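Trainee: Residues per chain, in single letters:
Protein chains: 2
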Amino acid sequence: MLEDKNQKKTSLASLGEFKLIEHLTKHFTISQESTIKGIGDDAAVLDFKEKKVVVSTDLLVEGVHFDLSYMPLKHLGYKAVVANVSDICAMNAQPTQITVSLAVSNRFPLEALEELMAGITLAASIYGVDVIGGDTTSSQKGLIISITALGEASLDEITYRNGAQVGDLLVVSGDLGAAYMGLQVLEREKQVFQVNPNNQPILDDYTYLIERQLKPEARKDVKELLEKLEIKPTAMIDISDGLSSELLHICKQSHVGCNLYEEKIPIDPQLINVCEEFSIDSTTIALNGGEDYELLFTIKMDDYDKIKHNPNFTVIGHMVAENEGTHLITRANTKIALKARGWNALEE
Amino acid sequence: MLEDKNQKKTSLASLGEFKLIEHLTKHFTISQESTIKGIGDDAAVLDFKEKKVVVSTDLLVEGVHFDLSYMPLKHLGYKAVVANVSDICAMNAQPTQITVSLAVSNRFPLEALEELMAGITLAASIYGVDVIGGDTTSSQKGLIISITALGEASLDEITYRNGAQVGDLLVVSGDLGAAYMGLQVLEREKQVFQVNPNNQPILDDYTYLIERQLKPEARKDVKELLEKLEIKPTAMIDISDGLSSELLHICKQSHVGCNLYEEKIPIDPQLINVCEEFSIDSTTIALNGGEDYELLFTIKMDDYDKIKHNPNFTVIGHMVAENEGTHLITRANTKIALKARGWNALEE
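Top to bottom, those sequences are chains X and Y.
In terms of the numbering used here, the first sequence is residues 1 to 348.
In terms of the numbering used here, the second sequence is residues 1 to 348.
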């Protein structure tokens with residue numbers, strides 16, 4: 001949140017579109033065998049041979065999906081890639097390429113785009129995806145990022161949302177709710193800062209939550225972890241909008257109901273402390289807070305022994321018949337109908 | 001430009017993101033053999049078997065790339081698809097799938113998005129591409145459309161910008177400059193309309209130009225036409241930013257120069273008339289006006305006899321050694337250095 005006011009600023013207009021694209025893309029390297037031709041022509045050329053191609057796309061808008069007053073541009077670039085890579089991982093596929101399109105208003109200097117690109121480049125390198133194309137143009141207001149991710153998998157590996165069956169166990173990777181509470185902490189500090197700009201935020205008690213918000217990771221490791229456990233997931237989705245919302249997607253598309261156990265939902269101790277501080281129920285946050293990018297999936301009941309002690313995963317419920325409905329079983333053993341209260345970009 | 005003020009308006013917020021996506025995508029059908037799974041999961045799944053995959057992406061921003069005061073939404077949706085399909089055609093590949101992401105401000109009612117989707121659906125159906133995914137979210141200002149197109153081709157069919165050789169002939173499909181002058185006509189009529197809203201525009205003399213601006217077509221037919229002529233292009237690009245700009249891309253990437261003959265540049269008679277009316281040089285428009293979505297390509301000199309009388313194509317120049325430079329040979333037989341003066345989204 002500290003800014004050097006004497007940074008060099010280069011206007012985008014002085015460069016022009018082609019030079020800007022050249023400048024911003026010169027550090028992208030090709031590492032995937034399936035990338036035949038990356039940036040620099042009308043289109044990229046890819047070779048997936050006998051593998052199937054998996055494609056997902058996301059559009060991120062300043063003021064809707066992110067706030068640059070506490071989201072550093074490098075983190076934003078990183079997170080934008082993660083969100084798309086996560087969708088590919090949620091198909092139980094291997095992410096391989098991305099395209100990145102940007103629209104920026106003239107208030108952004110070149111150096112800001114370089115920061116953004118540094119985050120994109122870092123994420124691309126960590127996740128081993130090639131940046132193979134994109135578009136750079138101006139916007140009337142703010143920053144807009146559109147990323148399309150491609151991945152590969154064999155047909156029997158690919159896991160849809162619609163494969164869950166009655167009796168399957170519901171499993172989640174990692175822990176939930178931290179990214180959302182990280183955002184609440186950052187928004188509170190922003191307000192404090194606006195009242196008194198000399199107040200430097202003390203964020204030591206919130207590091208995990210803030211990291212989950214500013215630098216989330218996609219669970220690219222889950223595919224390999226499950227392969228080693230010899231578990232084939234029956235349905236899978238990533239948690240971008242919140243556990244409730246994603247679970248209801250699986251139930252709807254698989255034509256099943258579910259029982260989700262409140263006491264089983266994995267929550268980090270830091271989240272519990274901060275929820276107490278904010279006087280918010282941590283289960284509500286874990287159910288409805290988005291942007292965790294963990295994977296939610298179902299497995300056959302028979303696979304329970306293979307996964308039960310694995311530190312990467314938590315069994316949080318099971319699937320029931322569709323007419324039994326979708327429920328949360330609380331710690332007090334009462335049954336509450338699950339509702340999707342996840343993020344809705346279109347609400348006013 | 002006439003608007004029925006009594007149209008039914010449904011607010012996007014009243015629907016919510018998931019219902020909106022369901023509503024807008026329900027008419028998309030799958031026609032490509034390579035589409036295994038379209039909309040409805042974390043990602044789409046495609047099967048290109050032994051073919052290579054070609055990927056291109058575009059970001060269109062209201063107020064930068066289009067003006068809704070004279071661009072009807074249905075035409076806009078159509079044109080957005082065409083611009084992307086055109087990039088795939090420019091690789092000498094077959095367009096097969098697109099993803100469509102939209103960000104809209106709350107001022108857009110559902111019915112406006114339906115119009116936009118009707119144009120997208122029409123273009124997808126005409127070009128035989130499947131809509132396999134996307135994202136729908138809100139914007140702070142205006143409408144933003146991001147489209148990623150995929151296509152397929154065998155490796156020996158794919159034509160890059162960098163394959164032109166000294167002695168190759170330079171060929172263009174269709175005619176040039178009309179889309180740009182169509183835009184000039186529409187902008188003039190908009191100004192007239194702003195002065196006196198009762199003035200109904202008389203556009204009979206401009207129908208071809210306006211159609212080229214509002215409903216351009218991608219030259220998907222060129223690949224097949226060239227196959228029938230038994231011509232394999234050596235380099236290819238689509239004309240979105242203007243002939244000069246695109247030709248310079250081919251020259252730069254192929255490390256060659258060029259001689260482009262002014263008298264050979266194909267121009268529609270309506271363009272000549274309107275250029276006279278506007279007191280603009282038609283060659284300048286043909287060189288620098290964008291959005292024609294014709295294909296510019298090079299072929300071996302030996303193929304000249306196969307193409308010379310074909311009504312779809314015009315030979316407009318030839319490639320020379322890189323150190324001879326890039327020139328326009330005027331009707332007066334003077335040699336002028338070619339400059340890219342195409343559209344630059346980032347200029348203020």
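Just so you know, the hints here were simulated from the structure itself, not pulled from any lab data.
In this text the structure is predicted, and so the values were computed from the model without any measurement.
Be aware that a few hints might be false.
Copies of the same chain are indistinguishable here, so a pair counts whether it falls within one copy or spans any two.
What the hints assert, rightly or not - For lysine to any residue, the following SDA-like pairs were computed, each having C-alpha atoms within a straight-line distance of at most 20 Å:
1) 51 - 35
2) 300 - 255
3) 339 - 14
4) 300 - 114
5) 51 - 204
6) 26 - 208
7) 190 - 322
8) 220 - 232
Trainee: Please go over all the hints and tell whether each is borne out by the structure.
Mentor: Each hint, compared with the structure:
Proximity of residue 51 and residue 35 under a CA criterion of 20 Å is satisfied in both settings, with 13 Å inside one chain copy and 13 Å between copies. Proximity of residue 300 to residue 255 under the C-alpha cut-off of 20 Å is restricted to the intra-copy arrangement: shortest distance 16 Å within a copy versus 59 Å between copies. For the identical chains of this complex, residue 339 and residue 14 are inter-copy neighbours only, at 17 Å across copies versus 51 Å inside a copy, given an alpha-carbon limit of 20 Å. For the identical chains of this complex, residue 300 and residue 114 are neighbours neither inside a copy (46 Å) nor across copies (41 Å), given an alpha-carbon limit of 20 Å.
When the C-alpha separation of residue 51 and residue 204 is checked against a cutoff of 20 Å, the pair qualifies neither within a copy, at 46 Å, nor between copies, at 53 Å. Within a single copy, residue 26 and residue 208 get their C-alpha atoms no closer than 34 Å, and across copies no closer than 41 Å, so neither meets the 20 Å cut-off. Taking the shortest Cα distances, residue 190 and residue 322 never come within 20 Å of each other, neither inside one copy (45 Å) nor across copies (56 Å). Taking identical chains as interchangeable, the C-alpha atoms of residue 220 and residue 232 lie at most 20 Å apart only when both belong to the same chain, with a minimum of 15 Å there against 42 Å between chains.
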